[in-house]
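Asks: Take a look at the letters that make up each chain.
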Amino acid sequence: DTGVSQDPRHKITKRGQNVTFRCDPISEHNRLYWYRQTLGQGPEFLTYFQNEAQLEKSRLLSDRFSAERPKGSFSTLEIQRTEQGDSAMYLCASSYPQTVSTEAFFGQGTRLTVV
Amino acid sequence: GESVGLHLPTLSVQEGDNSIINCAYSNSASDYFIWYKQESGKGPQFIIDIRSNMDKRQGQRVTVLLNKTVKHLSLQIAATQPGDSAVYFCAGSYDKVIFGPGTSLSVIP
Chain A
1 DTGVSQDPRH
11 KITKRGQNVT
21 FRCDPISEHN
31 RLYWYRQTLG
41 QGPEFLTYFQ
51 NEAQLEKSRL
61 LSDRFSAERP
71 KGSFSTLEIQ
81 RTEQGDSAMY
91 LCASSYPQTV
101 STEAFFGQGT
111 RLTVV
Chain B
116 GESVGLHLPT
126 LSVQEGDNSI
136 INCAYSNSAS
146 DYFIWYKQES
156 GKGPQFIIDI
166 RSNMDKRQGQ
176 RVTVLLNKTV
186 KHLSLQIAAT
196 QPGDSAVYFC
206 AGSYDKVIFG
216 PGTSLSVIP
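Protein chains in written order, with our numbering: chain A, 1 to 115; chain B, 116 to 224.
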């Protein structure tokens with residue numbers, strides 16, 4: 001296991017199109033997180049899963065955003081009807097529950113550009 | 116809501132000197148406070164954490180200090196090296212990690 005992997009690394013899409021990103025966490029981690037990061041800012045929490053259950057969604061996550069983790073392993077983040085304001089780096093992280101470890105391992109992110 | 120913020124957006128340090136990066140937080144609900152390092156083009160990388168009932172924790176070349184009275188967190192890096200150049204985020208954790216805006220550390224050779 002080489003860590004958290006995200007696909008694609010870069011995505012350019014036209015405004016109004018739908019995009020889907022994939023995250024493969026570290027296999028023994030049951031928690032998976034999605035964050036969004038814009039230039040010069042810290043990552044903003046979007047949502048997280050424990051196994052296949054989505055436990056929390058941020059107010060930042062509009063109705064156009066949906067995340068799934070159907071079998072408790074990989075996760076997808078879909079953005080429908082993309083807007084220019086969606087342009088950002090989308091980061092995925094995985095971890096054990098905080099009672100075991102606070103360390104979250106991040107992937108290298110998917111950079112989305114909406115034109 | 117929970118808020119974690121940082122003092123000083125940039126910090127320049129001479130190689131070999133010690134670095135101190137500061138952070139203030141407004142919400143005391145975090146169980147842990149964590150420092151992450153992010154290099155250009157990479158995701159954040161965990162450095163060290165401190166439980167909210169502690170005031171100091173040491174790692175390899177790094178020390179985190181927590182002052183709950185004034186809601187202040189700091190990261191001290193000893194003998195700063197060029198490889199330490201990155202953006203450093205403090206974060207609070209209670210089920211999920213909430214990040215502040217970051218301090219960019221530049222190490223002058």
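If you're looking for bench data, these hints aren't it; they were derived computationally from the structure.
Predicted model only: the values in this text are computed from it and were never measured.
Idealized CB from N, CA, C, for every residue including glycine.
Be a bit skeptical, because a hint or two may be false.
[Unchecked claim] Here are a few chain A residues that face chain B, going by a calculated C-beta distance under 10 Å:
id: 1; residue: H29
id: 2; residue: F45
id: 3; residue: N51
id: 4; residue: E83
id: 5; residue: G85
id: 6; residue: D86
id: 7; residue: S87
id: 8; residue: A88
id: 9; residue: M89
id: 10; residue: L91
id: 11; residue: Y96
id: 12; residue: P97
id: 13; residue: V100
id: 14; residue: E103
id: 15; residue: F105
Asks: All hints, please: hold or fail.
Replies: These are the hints, each one checked on the structure:
| no. | hint | in the structure |
| --- | --- | --- |
| 1 | H29 | violated, 13 Å |
| 2 | F45 | holds, 6 Å |
| 3 | N51 | violated, 14 Å |
| 4 | E83 | violated, 23 Å |
| 5 | G85 | violated, 18 Å |
| 6 | D86 | violated, 19 Å |
| 7 | S87 | violated, 17 Å |
| 8 | A88 | violated, 13 Å |
| 9 | M89 | holds, 9 Å |
| 10 | L91 | holds, 5 Å |
| 11 | Y96 | violated, 12 Å |
| 12 | P97 | holds, 9 Å |
| 13 | V100 | violated, 12 Å |
| 14 | E103 | holds, 4 Å |
| 15 | F105 | holds, 7 Å |
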